[in-house]
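Residues per chain are reported as follows:
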Amino acid sequence: MVSNALHDLWFGFGVAFQGSNLMWSFFGVLVGNLIGVLPGMGALSAISILLPLTYVMHPVPAILMLAGIFYGSQYGGAIGAILLNLPSHPPHAVTCIDGYPMTKAGKGGTALGITMICSFFAASVGILVMIFASPLLTTIAFKFGPAEIFSIMLLGLLAGSTMSRGSPLKGVAMTLFGLLCGVVGTDVNTGTFRFALGIPELSDGLELVAIAMGLFGVADFILNVNRMTAVTSNAKLRIRDMRPSLAELKEAFWPMVRGTGVGTLFGAMPGTGPTITTFVAYALERKISKTPEKFGTGMIAGVAAPEASSHSKTQVDFIPTMSLGIPGDAVMALILGALMIQGIAPGPQLISDHPDIFWGLIASFWIGNVILMILNVPMIGVWVKLLQVPYRYLFPSAMFFIAVGVFSTQSSLFQIWEVLAFGLIGALLMYLEFSVAPILLGFVLGPMVEENFRRALLLSRGDLAVFVERPISCTFVVISALLLAGVTWSAWRNRGPKKTAIQVLESELAVNE
Amino acid sequence: MSHAKGFKKDYYGGTLMALVGLAAVMAGLQYHTGSLSHMGPGFFPVAVGALLAFVGVLIAVSARNDEPKEDKPSGHGHSHAAPDVRGTVCIVLGTLAFLLFGKYGGMIPATFAIVFISALGDRNNSIKQAFLLSIAMCVIAAVVFSWALQLQLPMFTWGA
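Protein sequence lines, in the order shown, are assigned to chains A and B.
Residues in the first sequence are numbered from 619 upward in steps of one, following our numbering.
Residues in the second sequence are numbered from 0 upward in steps of one, following our numbering.
Misleading hints may appear alongside valid ones.
[As the list claims (entries may be wrong)] Example chain B residues on the side facing chain A (calculated, C-beta under 10 Å, incomplete):
#1 G12
#2 G27
#3 G39
#4 D83
#5 A118
#6 W157
Because the hints were derived from the structure by calculation, they are not lab data.
All values derive from a computational prediction rather than experimental measurement.
Virtual Cβ for every residue (Gly too), placed ideally from N, Cα, C.
Could you put the whole structure together from the sequences, leaning on the hints where they help?
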């Protein structure tokens, strides 16, 4: 088993080191890092803007690049959080609490150094988990029938909508809205046009890229324009400052390991968002610390643990996506969408049918993380400058990239109407404090959920008991029920006005993703 | 922006969701719904729509009486404040202009229009800055998208 995995991994490195693959994965991490640093831009908008570019590419470099954007942006996000107290990405909000005080104390470089070491360690652990867990999960997944697939998707959707952030009810509403968006188009079983409003362009359904760009691009711009506060930094960094001392490394070691553990655990659960992961890692550190009162004043543990957890989660997130074809969050839904556009059916057969994609991806994770480590040390000065690119130049340019990117998906202007519509819908929903990320999850999973639901009930002759009679399916249904019960209970308990600082922060960030 | 007393976003959000759900049910009923064992194309949308309507009602009902949250623009992503009117109008107009000029004009006029109009949405941009930014984007459009990526949108055209 182990030698098998090593052999496959060796093959993966062969794939990842091929000239064009290496180049695109380098391009991906570079763009991701850049986007991560820029305020107001996230991995989701970066991936959706670059998604059309992958249509003309071979599947392997396409996926390597998109994945690179995802984990590259995690590195970039930490820089803004630590140096400027500016969480351009919600998962890094918690890093600000202790990272920015370190910068003020003149130890920003150390904090960044620690962050990079933790990130690399956590990513490596995540990759190892992925190497061994994915094939294992695949062997189980082959026993899945439509009932099992429906149940596990139900769990994924429920977890995605309730465990992320903000009000669980609103998350569920958004997921349902996403499912409805997925219905638009031709019904696969009967060929009926549904919700097409008589527009022929809608017969193929809504365009994933258009929805993503509308919700995460245009909607964000609408809400942010003239509302962003300008940031200035006088943080001066030298490369020498980034090397932490041995004592600091020692202090960071166990928080790093615990953070990695938290991230791995949360990554394995489908649907848990990255922000909740970092918050849990931070809360855990504060709880077990001997000096909890010192948190918020520049504790190394408060930087190491959340950053480690976000990176191990990022890698482990790929397990359900690649081995079951079930995306854990909106970013994974986009990557899955990219796979489907390439004509590759996601699911348990992916690893055996397309070993070059799976093992190449894993190998590229390692290469990409090493590139990021090397890249970030000399480039840190450039990133700090970039943090100050004014938003007023950023968003008009991004509007152009969105318009052209969406046009290129089908060489038609019609999709731009969809972008506009979803931009306005997204802005309205975010204004009403809904979190829009579950819409994408529901949209991508919707057609699969419907098909498997119909097929399972066709096979059981309309007997709903099929979902609880089969053991694997029953397990997922029970976990879903427990999840619902738990969420309801905690919502009931939190009814009072008492809120801890973390909960307040969390609810404040609830709609930012 | 501060809201009138008693303005509860959840109340409107929940109602909106309930309406969307009901609309989906109404639309779904136009199609054949079938039975559990032989579902028609309308079954799934009706079921999801009904669930959405139910959840929407729950959200509206549970809109709590707590103080409306303070709207504060912050660096943390976007604020919960109502979007800026000028910015929103310019972004929407810019996109519409891209659609119009994309059809009657070609990529270069369309690019110029979307960047220029959206840039004017930001109160800190002067006309000159917006103009320069648009010219820069037009160059990128011509070099990267037309020449390097061979985008199927002619640089200049009239109708299509």
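A quick look at each hint next to the structure:
1. G12: 4 Å, holds
2. G27: Holds, because the Cβ-Cβ distance from G27 (chain B) to chain A comes to roughly 8 Å (cut-off 10 Å).
3. G39: Because about 7 Å separates G39 (chain B) from the closest Cβ in chain A, which is inside the 10 Å limit, the hint holds.
4. D83: 4 Å, holds
5. A118: 4 Å, holds
6. W157: Violated, because the Cβ-Cβ distance from W157 (chain B) to chain A comes to roughly 15 Å (cut-off 10 Å).
In terms of the numbered hints stated before, the structure departs from hint 6 and from no other.
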